Amino acid sequence: MEFAIQLKLKPSPWFIGVLAELNELYSDWTDGSYDWAAQTTDFLHSLPSLPQFDDKIFETPLSRRAVNDLLHVTIAMIGGDYELVRRYSEAIRFAFVIGYPRSGGSYLTKELLRVISLDHTRVSEALAHDGFPELRDNWYGSFENRSGFYLQDSLFQTAEFLVIASLYYQRKTIRHPHGYWLAPKKFHKIVNWAGSLKMLLGPDRADYLVTIRNPLPTAISIFEKSGGLPADGLFPLKNPRSAIERWVIADLLTLGHSAEEIGSMDYFEAVQKSWSAFYTKLACSGLFLGLRSEVRLIAYGATELEEVVRGYGARHLNQINPEPVLTHEKSTLHPNWSKRADTAVTAMADLWCSLGLEFPELTRA
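The numbers in this note's numbering rise by one with no breaks, and the one at position 296 of the sequence shown is 293.
Treat each hint with caution, since some may be false.
In silico DSBU-like cross-links for lysine-lysine, where the CA-CA straight-line distance does not exceed 30 Å [unchecked claim]:
id: 1; residue 1: 186; residue 2: 278
id: 2; residue 1: 278; residue 2: 336
id: 3; residue 1: 53; residue 2: 5
id: 4; residue 1: 186; residue 2: 270
id: 5; residue 1: 169; residue 2: 186
id: 6; residue 1: 7; residue 2: 270
id: 7; residue 1: 327; residue 2: 278
id: 8; residue 1: 278; residue 2: 235
id: 9; residue 1: 235; residue 2: 327
id: 10; residue 1: 235; residue 2: 270
id: 11; residue 1: 327; residue 2: 270
id: 12; residue 1: 327; residue 2: 186
id: 13; residue 1: 169; residue 2: 53
id: 14; residue 1: 336; residue 2: 270
What follows is a set of in silico ranges between Cβ atoms, one per label pair, in the way DEER data are often shown [claimed, not checked]:
id: 15; residue 1: 330; residue 2: 247; range: 25 to 33 Å
id: 16; residue 1: 351; residue 2: 142; range: 41 to 49 Å
id: 17; residue 1: 149; residue 2: 49; range: 22 to 30 Å
id: 18; residue 1: 283; residue 2: 176; range: 22 to 30 Å
id: 19; residue 1: 49; residue 2: 351; range: 44 to 52 Å
id: 20; residue 1: 172; residue 2: 316; range: 15 to 23 Å
It is worth saying that the hints were derived from the structure and are not from the lab.
Since the model is a prediction, treat every value here as computed from it, not as a measurement.
All residues carry an ideal CB built from backbone N, CA and C; glycine is no exception.
With the hints as constraints, model all of the structure from the sequences given.
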């Protein structure tokens, strides 16, 4: 017995925006004015508006190909034909940059784009940065006063990303001598789907670059980029000032903390618990499925991050001079946080060790 059902899948604004750019119809994301990788300036308050287009955008030969590819990849993913998806993506090698916010991910993504001769301000945040595809750990929820099936949306957006990244990088960059196009992507949200995505793409089809930073300078960096440490020292539950602060709140709610508890936490405690939840989840996410050699752990630091960039430059015959990494010398200004940070790092290292994984040594930079 078989059941036939109908699915209505609506292309996301991110897919349409990058497709419009490839058709040279949209440049607001890539006019050079939006620096999503700025190390000191918070652009999270003024994200570019998402595009609005009519159906004429889908009438070009490029758009028709994109939609046709999208339907084939989506149907293959729904039907479990991951071999088809692997064949479709075999010309692309992804470099997924994974890590808790403010741990060098944006910097590394930007520098990897430079390795393949792209100016990151000319590459849309949707394509290269976090957010798209929207991979949620919950299957269901509410959105705009209606119930939502996040699993379906996440699957469709994953197909969108695979298609649009393939088309974009094959048109915008030079093929590597080994026969593939490199596609850098900051991918914080892979933590929710790591094992599934590794299985979907297959072995040796991506590099997984995990950046890890001590939670003390991480917390300082978050509040500095969000407008400063609140006067009362507490985490701003009622008025989060950036996307990162909203992510912290979501993590704490997922851990079962009440709004009252979150509102009474000092800033470091809130960030530290969110940080610990992320790296605990990452260890058990399936990221290490198959070839562990695909995963590289990078402790935050100028030497470590710049070494990664130089390595990619050597392999791609484009030895760029990496932009300096900004490190923090302000950890000593928060002595009441230092011991708790050390305790959190030790606990995480012990947890990873108990799973047979090695956690890197972290400084307070």
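Okay, the hints, checked on the actual structure:
{"no.": "1", "hint": "186 with 278", "in the structure": "11 Å, holds"}
{"no.": "2", "hint": "278 with 336", "in the structure": "23 Å, holds"}
{"no.": "3", "hint": "53 with 5", "in the structure": "20 Å, holds"}
{"no.": "4", "hint": "186 with 270", "in the structure": "17 Å, holds"}
{"no.": "5", "hint": "169 with 186", "in the structure": "25 Å, holds"}
{"no.": "6", "hint": "7 with 270", "in the structure": "36 Å, violated"}
{"no.": "7", "hint": "327 with 278", "in the structure": "29 Å, holds"}
{"no.": "8", "hint": "278 with 235", "in the structure": "26 Å, holds"}
{"no.": "9", "hint": "235 with 327", "in the structure": "27 Å, holds"}
{"no.": "10", "hint": "235 with 270", "in the structure": "18 Å, holds"}
{"no.": "11", "hint": "327 with 270", "in the structure": "21 Å, holds"}
{"no.": "12", "hint": "327 with 186", "in the structure": "29 Å, holds"}
{"no.": "13", "hint": "169 with 53", "in the structure": "23 Å, holds"}
{"no.": "14", "hint": "336 with 270", "in the structure": "15 Å, holds"}
{"no.": "15", "hint": "330 with 247: 25 to 33 Å", "in the structure": "28 Å, holds"}
{"no.": "16", "hint": "351 with 142: 41 to 49 Å", "in the structure": "44 Å, holds"}
{"no.": "17", "hint": "149 with 49: 22 to 30 Å", "in the structure": "23 Å, holds"}
{"no.": "18", "hint": "283 with 176: 22 to 30 Å", "in the structure": "27 Å, holds"}
{"no.": "19", "hint": "49 with 351: 44 to 52 Å", "in the structure": "51 Å, holds"}
{"no.": "20", "hint": "172 with 316: 15 to 23 Å", "in the structure": "19 Å, holds"}
The structure fails to meet hint 6 from the earlier list, while all remaining hints are met.
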